[in-house]
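Asks: Since the structure of chain Z is provided, determine the placement of chain D on it from the hints.
Number of protein chains: 2
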Amino acid sequence: MGKDHGGDEIKAVLILSGGLDSTTLLYKLLADGYQVEALTFDYGQRHKKEIECARKISALIGVPHQVVDLSAITPLLGESALLGGKEVPACHYTEEAAKQTIVPNRNMIMLSIAVGYAEARKISEVYYAAHAGDWAIYPDCRKSFIDAMEVAVRLATAWNLVELKAPFAGISKADIVRIGLGLGVPYERTWSCYQGGEKPCGVCPTCIERAEAFEINIAKDPAVRPEE
Amino acid sequence: MGKDHGGDEIKAVLILSGGLDSTTLLYKLLADGYQVEALTFDYGQRHKKEIECARKISALIGVPHQVVDLSAITPLLGESALLGGKEVPACHYTEEAAKQTIVPNRNMIMLSIAVGYAEARKISEVYYAAHAGDWAIYPDCRKSFIDAMEVAVRLATAWNLVELKAPFAGISKADIVRIGLGLGVPYERTWSCYQGGEKPCGVCPTCIERAEAFEINIAKDPAVRPEE
Numbered sequence: 064m065g066k067d068h069g070g071d072e073i074k075a076v077l078i079l080s081g082g083l084d085s086t087t088l089l090y091k092l093l094a095d096g097y098q099v100e101a102l103t104f105d106y107g108q109r110h111k112k113e114i115e116c117a118r119k120i121s122a123l124i125g126v127p128h129q130v131v132d133l134s135a136i137t138p139l140l141g142e143s144a145l146l147g148g149k150e151v152p153a154c155h156y157t158e159e160a161a162k163q164t165i166v167p168n169r170n171m172i173m174l175s176i177a178v179g180y181a182e183a184r185k186i187s188e189v190y191y192a193a194h195a196g197d198w199a200i201y202p203d204c205r206k207s208f209i210d211a212m213e214v215a216v217r218l219a220t221a222w223n224l225v226e227l228k229a230p231f232a233g234i235s236k237a238d239i240v241r242i243g244l245g246l247g248v249p250y251e252r253t254w255s256c257y258q259g260g261e262k263p264c265g266v267c268p269t270c271i272e273r274a275e276a277f278e279i280n281i282a283k284d285p286a287v288r289p290e291e
Numbered sequence: 064m065g066k067d068h069g070g071d072e073i074k075a076v077l078i079l080s081g082g083l084d085s086t087t088l089l090y091k092l093l094a095d096g097y098q099v100e101a102l103t104f105d106y107g108q109r110h111k112k113e114i115e116c117a118r119k120i121s122a123l124i125g126v127p128h129q130v131v132d133l134s135a136i137t138p139l140l141g142e143s144a145l146l147g148g149k150e151v152p153a154c155h156y157t158e159e160a161a162k163q164t165i166v167p168n169r170n171m172i173m174l175s176i177a178v179g180y181a182e183a184r185k186i187s188e189v190y191y192a193a194h195a196g197d198w199a200i201y202p203d204c205r206k207s208f209i210d211a212m213e214v215a216v217r218l219a220t221a222w223n224l225v226e227l228k229a230p231f232a233g234i235s236k237a238d239i240v241r242i243g244l245g246l247g248v249p250y251e252r253t254w255s256c257y258q259g260g261e262k263p264c265g266v267c268p269t270c271i272e273r274a275e276a277f278e279i280n281i282a283k284d285p286a287v288r289p290e291e
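Residue numbers (our numbering), protein chains in the order written: chain Z, 64 to 291; chain D, 64 to 291.
If you're looking for bench data, these hints aren't it; they were derived computationally from the structure. All values derive from a computational prediction rather than experimental measurement. Glycine residues also receive a C-beta, built at the ideal position from the N, C-alpha and C atoms. Misleading hints may appear alongside valid ones.
[Unchecked claim] Result set (SDA-like, lysine to any residue): computed pairs, CA atoms no more than 20 Å apart in a straight line:
#1 Z:K119 to Z:P230
#2 Z:K206 to D:L224
#3 Z:K185 to D:P202
#4 Z:K228 to D:V214
#5 D:K185 to Z:K262
#6 D:K228 to Z:L218
#7 Z:K119 to Z:G247
#8 Z:K185 to D:L139
#9 D:K206 to Z:E213
[Said to hold, decoys possible] Computed footprint of chain D on chain Z, listed as stretches where at least three residues anywhere in the stretch have a Cβ under 8 Å from a Cβ of chain D:
#10 83 to 95
#11 175 to 188
#12 240 to 247
Only chain Z is shown next, with the shape it has when bound in the complex:
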């Protein structure tokens, strides 16, 4: 069942948020035969629901998982709706909404730590689930940024080469859901909503984006329970 590289299982580090995209990538990597170690970053999110989802999903499928505590760093990064410093916008993704929810340089910080983690363990691949959907309005999710980071990472790790992989960079969230439905990803165990309520709010940018991705697949999001 291991990925066939001369019989050895290939190890990979995955940045797992507990949301839809990275959980789908986790299942895809396992299906491809990778031996995965998952890292979740606690950067002082407004709520801990995603982190709890990441922890539970990893336990469910027996993947080693660590939460990286960035609480000492987050205060340096100013205010963001994701950190509770501003109101979460209730609308579709727009540049304005994205600016409310950006955490400065978050992706580069998480990637650089994940790469150091991999390098220390001689693991040669780091995966993350940036994709070509609405998230691409964030500068540090764009393909051009990912490409530049791939180069910088390769150069920084010349002694224990680590490669950055973003296999969803060219596809949409609807495509990701299609892949995940095929792999049996338990989407009811993932969390996307920016709010930390009992159930997803349905009106924040990521709830709207997620609903559309299921709609395009003519599927029901199992995380959204009908009103009683």
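Replies: Relative to the frame of chain Z, chain D by itself:
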């Protein structure tokens, strides 16, 4: 006295280790009229002498200074002589000695946090003191890595552009000492030695490199006190 950009003082974030190179860069930026904020990273160094030097020098010249605590991240980065996990080599810089003292992906981690810090404050320049001397044997100090990071940083910060600057990337440590002697840098207040003794050990790679840099300038390192 401010750098002349239409009368405004230009702000810059500087990664200040408390060593010779970054302290010289601090004095150079101030001489060039920059308003500097200094960040020092505590990544669990074997000793805190450099950090203390950075703190005291910043206080001495009235530069805002913060120590960024990476103690939650360092355990993820494995063992290094700099973290106390291995013996500090007593020799000139060699690839072997450098491998003993590397902290995986340290520079990318520090740079990405410094960039996030700058972006949150709309400061458009981040300086660090990588140079073309012996340190260039570390992959993440090489010019090719610095160039790749400059590109990645520019792309990641498209909404509040931050530029990475490594003005010493093309010069040697002896050149840096020459600049610093001209600027009156108080080198007796800087710390380079990998060991945390009462005075520099004189035999670790960075002590040897530092001594050579002063020698080339036919100068005395004021941090090295003669035997009583």
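Asks: Now tell me, hint by hint, if it's right for this structure.
Replies: Tested hints:
1. Z:K119 to Z:P230: violated (24 Å)
2. Z:K206 to D:L224: Within the cut-off at roughly 18 Å; holds.
3. Z:K185 to D:P202: Holds. K185 (chain Z) to P202 (chain D) sits at ~16 Å (cutoff 20 Å).
4. Z:K228 to D:V214: holds (18 Å)
5. D:K185 to Z:K262: violated (36 Å)
6. D:K228 to Z:L218: holds (18 Å)
7. Z:K119 to Z:G247: holds (16 Å)
8. Z:K185 to D:L139: Measuring from Cα to Cα gives roughly 13 Å; hence the hint holds.
9. D:K206 to Z:E213: Judged against 20 Å, a Cα distance of about 16 Å means the pair holds.
10. 83 to 95: Check failed, 0 qualifying residues.
11. 175 to 188: holds (count 8)
12. 240 to 247: violated (count 0)
The earlier numbered hints that this structure contradicts are 1, 5, 10 and 12.
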